[in-house]
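Residue-level listing of the chains:
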Amino acid sequence: MRRIMEQRSFEDIEKDLLTHLSAANLPKDHLAGISRSIAASYNSGLQIVDWWVYGIPAFEKLVIQAQLPIVETKALQGLVQNENFKAIEILRKGIPRADFFQLQLTVERTTPAEHGRTNGTHKQKSTINR
Amino acid sequence: MTPTPTASVCSREPFQPGRVSRIIQIHPSLHCNLCCKHCYSSSSPDAKQGLGLNPLIDLLEQAAPLGYNVVSLSGGEPFLYPHLSLLAEAAKQLGYFNSVTTNAMLLPAVSKQRILPFFDLIAVSIDGREDAHNTMRNNPNAFAKMLEGVNILKDTGRDFGFIHTALPDSWQLLPWLVEFAQTHKARLLHIHPLERSGRAVKGFESLAFTPIDLHKLYIATHYLQSHCSPDLFLQLDLLHRDNIIGNRNFFFPHPKRRPRPTAKTFSNLFGELIVNEHGDLLPIAHGCPDFFRIGNIHDSLPLDEMIESFIDEKFEPLLELYNQTYNDIAGDETLDIVNYSERLLDNATASPRPSTAHQRQTAVSAAL
Chain W
1 MRRIMEQRSF
11 EDIEKDLLTH
21 LSAANLPKDH
31 LAGISRSIAA
41 SYNSGLQIVD
51 WWVYGIPAFE
61 KLVIQAQLPI
71 VETKALQGLV
81 QNENFKAIEI
91 LRKGIPRADF
101 FQLQLTVERT
111 TPAEHGRTNG
121 THKQKSTINR
Chain H
1 MTPTPTASVC
11 SREPFQPGRV
21 SRIIQIHPSL
31 HCNLCCKHCY
41 SSSSPDAKQG
51 LGLNPLIDLL
61 EQAAPLGYNV
71 VSLSGGEPFL
81 YPHLSLLAEA
91 AKQLGYFNSV
101 TTNAMLLPAV
111 SKQRILPFFD
121 LIAVSIDGRE
131 DAHNTMRNNP
141 NAFAKMLEGV
151 NILKDTGRDF
161 GFIHTALPDS
171 WQLLPWLVEF
181 AQTHKARLLH
191 IHPLERSGRA
201 VKGFESLAFT
211 PIDLHKLYIA
221 THYLQSHCSP
231 DLFLQLDLLH
241 RDNIIGNRNF
251 FFPHPKRRPR
261 PTAKTFSNLF
271 GELIVNEHGD
281 LLPIAHGCPD
291 FFRIGNIHDS
301 LPLDEMIESF
311 IDEKFEPLLE
321 LYNQTYNDIA
331 GDETLDIVNY
341 SERLLDNATA
351 SPRPSTAHQR
361 QTAVSAAL
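Those sequence lines, one after another, are chains W and H. At position 105 of the first sequence the residue is numbered 105 (my numbering), and the sequence of numbers has no breaks. At position 268 of the second sequence the residue is numbered 268 (my numbering), and the sequence of numbers has no breaks.
Everything labelled a hint here was simulated from the structure, so no lab data went into it. Note that the structure is a prediction, hence the values are computed from the model and not measured. Be a bit skeptical, because a hint or two may be false.
[Claimed, not checked] Label-pair distances were calculated between CB atoms; the ranges are: (1) H:N151 to W:I70: 38 to 46 Å; (2) H:K92 to W:L91: 41 to 49 Å; (3) W:P69 to H:N323: 27 to 35 Å; (4) H:E89 to W:D12: 44 to 52 Å.
[Claimed, not checked] Covered stretches of chain H (in silico footprint by chain W; criterion: 3 or more residues with CB under 8 Å from a CB of chain W, positions within the stretch not fixed): (5) 216-227; (6) 236-243.
[Stated by the list, open to error] Not close to chain H: a few residues of chain W, all C-beta gaps over 10 Å, as computed: (7) P69; (8) I88; (9) L91; (10) G94; (11) R97; (12) F100; (13) E108.
Where is the CB? At the ideal position from N, CA and C, for every residue including glycine.
Pulled out of the complex, with its shape left as it was, chain H reads as follows (with noise of 0.2 Å):
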């Protein structure tokens, strides 16, 4: 299984123990209600277009079979879009484990609530205490309003959690972040290292994790988890290089003379789609260069022949690339806690690659 930016090693389920998650990661609009300056996909309550809800639920459909099991909305803000309900329905109905990230601050619409009840776990942005919160999310009164629909998901018993994007001083937040989790009894503290992507790349072009920062972070972590656990699980999407060397997650020895996978056993080796804002299908994660791109849902092809496309064309570039991104790390002995989603996205995007044929198409049609 290859891992997502979100596993752990020790690939542990604290809400449904036992399941290995196939996820589909939607984000089916840039639409939000905010323009946090973090933002690594530039959402914004100016871009309005959102995906068309057929083409999700026709993946979904597809999807299913092929072994997916979770669908995780981001966005933009998911509660700005308008087909959610339904998406959310169609999805629980196909018998996914459906999970959401949003602001929080719309929640107080009694049309908003009435979604809730087809999400397995809500995960609500934080950034920090309220003056660090406001800032971030440009809005003064984005913290208090994120409360209120906290506060909501506290009465509706739904399982919750917080996911706040971290900072290289991070570290010393986690214990208030941590206490902030318990008190409104979430059961999900995710730490997710900022990515330098959309917005992000203007606002924080000088930041940067030192090694230290990054050892105070993963310390800081499973010091307070080991204080925290079975209640509050605490998530953090960086790994130790001891964690990674020797890992057959993390690299596929002898890749021509693996066996070639099928559409069906395609999300055993990856297991996590992204559908973009485009309808584009990409493996790894969102920002994933276009050669990668697997199809869109609004191509005619079915989901399970877009993939066996894939493999046919892409599945030994796409093991290079992992193991590549290995060797590099396994080579550098001062890196010692590897933020690996970020790595292998690093890689993905600075090697030149041949264009597929779809690109020399795409190219052709440009072109006349």
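Looking at chain W on its own, in the form it has when it is part of the complex (with noise of 0.2 Å):
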């Protein structure tokens, strides 16, 4: 499979892990979801490609790019219905005939106000490119 990065250099890889993880009072729950979201694209897997963080000072957002064998669709439905990932973008990618896809997966902060009011009703976006 293709690797498909956004270059950065290694100082703004580490500047943005320190930055995300050094800030103070990080709740436990917040980097317990996202442990889950890593665990859950493994256990899919996914092949984690690149990371972006945003939110500053700690995580708000995490996007994972991952890549995933086109045959491995079982493994997509997966995914589709973990209610981690607040949205799912999946692209179909290879030349000159796909054969894997490529996924963006969005793992968002909720509040714990937000967290009751969405659990088992959380709504999810997932959308497949041809």
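Reassemble the complex: the two chains are provided individually, in unrelated frames, and hints are given to aid placement.
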């Protein structure tokens, strides 16, 4: 599978990571949500190729870019059902013919109130582009 | 396949894709040129005794047909073991993938460099930047000499990696470790949480990983992996609970109805055999309690008979141990990031178990 990565210097990568993880009073539940998302990605057989972390100072949103062989449609189903991901964008990629999915999985931080309101009625957006 | 302490859920093989590792981990001696503060085996310059060469070669000859295919040498400092060259050469001739964990300080010696061609992977211990590394190693020149050794490894062109004993704040050090590993063209960065055994019990008794520390270490490792793959492979000896629950590698349903394995299929279930500094053969990991001892390399019994006897006496208790550990993890929803090997060893040590025939015999002999 090909790697499609934004070109970033290692200094930027390091700064992003340390800034976000060093945020004061980062709640355990929030970190737990991110860890769960990572575990879910690996459980599905995804190869994570990039991350983007948003929010200053702490994780407000995390976007994970990953790849999956195009035959692994069952894994896709599992991902779509996983409520850790607020949004999933799925693109078919490959030249001369599409042989893998490129996915962008969005994990967003929710407040306890939002979690209680959306739990069980979580609206998840997923788009598949042909 | 039962996971080893170094197993990742994805079972990625960075150096020989497709190979399923069945490991013989050997601690031939506790002799070391250092006296590190965190050493789980309490190795030191005073611990000079080592295992004989012939019993080890016999073991490897017998283990190969039973499916074992990797020899992992540790210690102590393996390059102080006088028979290292012959042992590594014999293992290579038997078809093993040889790996060794070393502080690399002795590699500048030409005699040690002659041994390097027998190893497929050399893992160099690193505790952090120079000051931190020297402090942990109790030696003001440890980092400089380690770097000399690393430069020699680079010149040989052999695959090598770094192994870091992670402390609770190691997530902050990880970017530096990754950059250090990449700068020196390492293929592997292995992150192993501190084991509070040996000398580490005294020096780090109050040290504990909080759930937040574990999450940060887990997140940082996976974040950095995505940015340094495929040139550098990061191996973290921590698992997420979600990768354990429902995973048949971690529990054995209906243990009493399970078909009895044989010596030939044993390595499919228990992929790591440890030989400690006394020559005892143990499953799980170094520090595994004596109840689960399979035998000793100095016993006259062949390895397959030792394993068959172990299966007769200890197979069910071993499955129960794995299942108990799995149930503990599954039942504790506050536990997200798991040091699986530590949990297994803690349960193995904590539960009182009936003495085995061997132990009763030993007790009788001692009394006489």
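We went through each hint and held it up to the structure:
1. H:N151 to W:I70: 38 to 46 Å: holds (44 Å)
2. H:K92 to W:L91: 41 to 49 Å: holds (47 Å)
3. W:P69 to H:N323: 27 to 35 Å: This hint holds: roughly 34 Å between Cβ atoms.
4. H:E89 to W:D12: 44 to 52 Å: Between H:E89 and W:D12, where Cβ atoms are some 47 Å apart, the hint holds.
5. 216-227: Since 10 is at least three, the answer is holds.
6. 236-243: holds (count 4)
7. P69: Label holds. Min Cβ-Cβ 14 Å, cutoff 10 Å.
8. I88: holds (17 Å)
9. L91: Correct as stated: the minimum Cβ-Cβ distance to chain H is 18 Å, above 10 Å.
10. G94: holds (18 Å)
11. R97: holds (24 Å)
12. F100: The assertion about W:F100 holds, with a minimum of 16 Å to chain H.
13. E108: W:E108 is indeed farther than 10 Å from all Cβ atoms of chain H, at 16 Å.
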